[in-house]
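S.K.: Protein chains in written order, with my numbering: chain A, 6 to 538; chain B, 20 to 669.
Calculated from the structure, these hints are not laboratory results. Glycine residues also receive a C-beta, built at the ideal position from the N, C-alpha and C atoms. Errors might be hidden in some of the hints.
To be verified - Just so you have them, the derived chain A footprint on chain B, three or more residues with Cβ under 8 Å:
(1) 101-111
(2) 203-217
(3) 222-232
What follows is the residue order along each chain.
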Amino acid sequence: MNTQPAAMIAGTSGGGSGLLLALLLLPLLGGIVVAFLKDDRMAKLTALTVSLVELVLVVPAWITYVPNGSRIQLALSVDWIPNFGIHFSLGIDGIALTMIALIGILTPIVIGGSWADKLPEGRGAAGFYSLLLVMQTGMVGVFAATDVFLFYVFFEAVLVPMYFLVGRFGGPRRQYAAMKFFLYSLLGGLIMLASVIGLYVVSKDYNNGVGTLDWQTLSTVMDQAPLSTQIWLFLGFFVAFAIKAPLVPLHTWLPDATAEAPIGTGVLLVGVLDKIGTFGFLRYCLPLFPAASKELAPLVLILSVLGIVYGALLAAGQNDMKRLMAYISIAHFGFIGLGIFAFSTQSIAGSALYMVNHGLATGMLFLVVGMVIARGDSRSIRDYGGLAKLTPVLAGLFLFAGLAALSLPGLNSFVSEFLVLVGSYPNAPVYAIIGAVGMILAAAYVLWAYQRVFQGPVRGNALVGLSGGPGTAGDPAKASIADLGVREKVVLAPLVVLIIFLGFYPAPVLDVLQPTVDATLQSVGLADPVGGK
Amino acid sequence: MSQTFSLAAAEQVIPASGLASSAWLLIALPAFGALVLLVGGRRTNAWGHLLGITTVVASFAIGIALFFGSGSNQIQEANLFSWIDVNALKVDFGLRLDPLSITFVLLITGVGSLIHIYSVGYMADDDGRRRFFGYLNLFVAAMLILVLGNSFVTLYLGWEGVGLASYLLIGWYQNRPSAATAAKKAFLMNRVGDVGLAVAIFLLFKNLGTTQYAEVFARVGELSPGTVTAITILLLLGACGKSGQFPLQAWLPDAMEGPTPVSALIHAATMVTAGVYLIARANPLYNLSADGRLVVIVIGAITLLIGCVIGCAYDDIKKVLAYSTVSQIGYMILAVGLGPFGYALGIMHLVAHGFFKAGLFLGAGSVMHAMKDEVDMRKYGGLWRIMPITFGTFLLGYLALIGIPPFSGFFTKDAIIAAAFGQEGWRAWVFGGAALLGAGLTAFYMTRLVLMTFFGKQRWKDLKAEDGSDFHPHESKPVMTVPMIVLAIGSIGAGFFFTQGERFVNWLAPSLQPLEKVEHGVLSHGLIQILVIGLSVLGVLLAWLFVGRKDVPVVKPARVSPVVKAARADLYGNHLNEALVSRPGTWLARALVYVDNKGVDGLVNGIAASFGGSSGRLRRLQTGFVRSYALSMLASGILVVAALLMVRFS
Chain A
6 MNTQPAAMIA GTSGGGSGLL LALLLLPLLG GIVVAFLKDD RMAKLTALTV SLVELVLVVP
66 AWITYVPNGS RIQLALSVDW IPNFGIHFSL GIDGIALTMI ALIGILTPIV IGGSWADKLP
126 EGRGAAGFYS LLLVMQTGMV GVFAATDVFL FYVFFEAVLV PMYFLVGRFG GPRRQYAAMK
186 FFLYSLLGGL IMLASVIGLY VVSKDYNNGV GTLDWQTLST VMDQAPLSTQ IWLFLGFFVA
246 FAIKAPLVPL HTWLPDATAE APIGTGVLLV GVLDKIGTFG FLRYCLPLFP AASKELAPLV
306 LILSVLGIVY GALLAAGQND MKRLMAYISI AHFGFIGLGI FAFSTQSIAG SALYMVNHGL
366 ATGMLFLVVG MVIARGDSRS IRDYGGLAKL TPVLAGLFLF AGLAALSLPG LNSFVSEFLV
426 LVGSYPNAPV YAIIGAVGMI LAAAYVLWAY QRVFQGPVRG NALVGLSGGP GTAGDPAKAS
486 IADLGVREKV VLAPLVVLII FLGFYPAPVL DVLQPTVDAT LQSVGLADPV GGK
Chain B
20 MSQTFSLAAA EQVIPASGLA SSAWLLIALP AFGALVLLVG GRRTNAWGHL LGITTVVASF
80 AIGIALFFGS GSNQIQEANL FSWIDVNALK VDFGLRLDPL SITFVLLITG VGSLIHIYSV
140 GYMADDDGRR RFFGYLNLFV AAMLILVLGN SFVTLYLGWE GVGLASYLLI GWYQNRPSAA
200 TAAKKAFLMN RVGDVGLAVA IFLLFKNLGT TQYAEVFARV GELSPGTVTA ITILLLLGAC
260 GKSGQFPLQA WLPDAMEGPT PVSALIHAAT MVTAGVYLIA RANPLYNLSA DGRLVVIVIG
320 AITLLIGCVI GCAYDDIKKV LAYSTVSQIG YMILAVGLGP FGYALGIMHL VAHGFFKAGL
380 FLGAGSVMHA MKDEVDMRKY GGLWRIMPIT FGTFLLGYLA LIGIPPFSGF FTKDAIIAAA
440 FGQEGWRAWV FGGAALLGAG LTAFYMTRLV LMTFFGKQRW KDLKAEDGSD FHPHESKPVM
500 TVPMIVLAIG SIGAGFFFTQ GERFVNWLAP SLQPLEKVEH GVLSHGLIQI LVIGLSVLGV
560 LLAWLFVGRK DVPVVKPARV SPVVKAARAD LYGNHLNEAL VSRPGTWLAR ALVYVDNKGV
620 DGLVNGIAAS FGGSSGRLRR LQTGFVRSYA LSMLASGILV VAALLMVRFS
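Excised from the complex, chain A in its bound form (with noise of 0.2 Å):
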């Protein structure tokens, strides 16, 4: 691993570090004006610009950033509490780096895809955007933060917006959603923060006593720390972090949250959000306390199988449509798990390379899913059938999306799934093939999904009804629900190419992602099971 102080590198790399910052408080900026904003259509073009200047700016980020250069990059470090040794430091890796560019991507086509959404009576929309600027900056600042204090900041930091959003935008029972996804991140924050401290005082013993949350310095001192003490402040991380990326027990928020999220909302959730748990396995967990992660691994590695079929399970069998891309998700996170704990660099970047195309596909699905509701205004799956007929591209983007979201060759997930699988296999044989068989759930819960919604003859409540009463059922001529429009299509082509050419192509997210794998396996300690070196 790279052991180049902190310092140095905050004054090597000065040329990239306002990126960051710019970065990071664009979309606050943005947001504070939009909140001011009193027309709902310059609310939205407002927030739809600050958002696209913002992905503008993730290109610069993306060329400057060397993927064999020095383990932390674009670098920027300014004292903050010195007392106890915290700084606000900025600077990213390469998979902090992917995620940025996720947010980037994922924002715009968020704005784009919530344009038409009926917000609840009374509610502007200047609120709802300006929320959601301020929410990008705590995503971005979660993945770009170098200092535990920091990033334990904006980790909470993120709760506030999306609490916001939940509680005041979301469905029928978002106050109990909000409420239940605030109490959980509460619980999991409290934990964390009780380690974040604990940390900082253990740090003293390994660095010439003088306690320090600056990542850089403990990611090489703390391998010095005793088992006992690396479990228990690995437990405290580990379990904010099992709560964002919902390993099953802690799952059951996030179905709440889901399904009461406005659409927008929901895809940030899923996409991002929750990819905070299992970004925080790579950046804090594994390199922080390697051998409490080679001791805990196998937990975790059950907490995940358990959780690829848990959630693929429920999946089949739910019927509200949005609290299907929860259970997907939870499946999926499963997979992630999975590949971080089974320590070989195919696995880990696997994992890392799933928490972009889990963004994209699942992102994708969920937006498709919200075109479905806005046209036949029902959640459940039972008011549906024979959709296809009356919306032939709606269908073939649900199940394009659908398709990704079940891994099939040539489309993105499938390349993260199966690094994550051949990578574990030579470690965890048994969780490989278990989480193999995951992939003939993953098929059982897309199309038969599918096929309720969009297959036989048309029925069900939402659409019948629409069409004009039983008598027109069947009959596209009189039905009133119209295929996709400009704006969804528009909204949805970025992420059909974006699905498609890394199915083929994903070595631009590949090569910036395997010198941090290989950087995060390291500092575990561990060689690669098949050509270690």
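Position chain B against the provided structure of chain A, taking the given hints into account.
M.R.: Using the frame of chain A, we list chain B on its own:
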């Protein structure tokens, strides 16, 4: 039979040059067609089918050029780009051109072109014809990736790609719930097999660090015998899923819900034979595992009998043909399981079968087209006068399938039966006997089909179609009959041409190693030929006794023997699947949804409530939550620090 066959000299792989280096066009053309037709939407309706045909015919032309070009009898590889590359795992997206893959390219694009042309007529009245051609093109592209890819992962890409195309096309009439269900069933049962293929790939990566054919085949010797056997059986599981072999055969007959050209191309001639390709392609692995090969033979033998028995009981013309396909692929699997001398025989029967079975399906489609999509043979009868071309071509396919000399099936099936009798000891009698019995049964059910459809009384004259109108059968248009005639010509001469001077086997030798003649057969080849022909004739006679010489009842008899009842119920394959997998799975999913809502969640809500005091309290929390949150954060923080300090200093 010796325990393991000596390893043939390591295969010589050379980089592709000249025309071979543009072999990617084979795949790119139909892929481009699919893209234009599926993304272009209605704008392409007018000329969509023409584009679909052009791309496949162009691929066929390239295939022909490759076949006659220099170097086609070598193993050439063209690497296109690096697909997945993480340290030790390097998956290249590349093509392997050798006699085996070129054979498949010709079969896929050749039969594919004919069926594309036929579909112009067959799908003329379908609003979605353009999309249909898009899916067909997608299928051809995926199937070409399957056979041309140069690693197990590219094979997997094509493998699932054709699965997708098959899913889309089986579910073509998606208004029919039965079609949607059949499509889903096919995809799921295929995925069961795919897991086997996937785990085999994991094993290869773990033990050899590679999944490229060239490297795997060069280093198979490093694998432990147990590992090789495991890999061969896992690959077989994949083959069973794709090729409708026992115990994953139940999806294939249901797949007949798709339009008939689809049944001909995908579910008879090409995709369902991918399992045979897989085993033949992985021959260096199978050569090393006698146990693995034995399992392959057993599966093949069981399946070929299952297919025959069920085929005797159905009245649905397409289902009979479907079970016939199941059974014929059983022969091929049996053949490739026989090892070095069997691979080429399996592929030879596969190619011959591809022609005559596609022809039979197109014939059946022509009959259905004439009979308002009626598939019940009990409502047919005496059609030979009205549809002479369909009848003639069908008859040739029929003679080829039941193996009457000089038609192609005789030469290719006979070779397999003889090879099965060439096994040692009990195996010769068991597997040879099964293959022989299958030949007799095949003659029976196919004769029954021909008699019920083309001969006897014109039963449809007194019946109404499903929409209440009368039947007016007629011969199909030339756009449909010409492809049928071409395929029929193939069924006449192909077998003789292939086997004369071992032409086909020698052609495949660079890929599959030279044919080893069977010396220790328990029966002489001449006697086997006589037995095969004798049993086939017996089958024909029995069919005539049961079906031909008396009137066929329009409603199928309800009181039948238990054997017929079992056969009509697919030998309970579906019941078994349902009892063992689908129903428990559904219950489990339902139970878990309940538990997750009530149990896990209830527990969490309970804890939340007890922490917060009551739900009313929770609601109040929410109003001033930022303050309370900050406060509780602070309070817990202090608690935790206190606790940590105590632990440290105690």
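S.K.: Take the hints in turn and mark each one as holding or not.
M.R.: Okay, the hints, checked on the actual structure:
no.: 1; hint: 101-111; result: holds (count 8)
no.: 2; hint: 203-217; result: holds (count 8)
no.: 3; hint: 222-232; result: holds (count 4)
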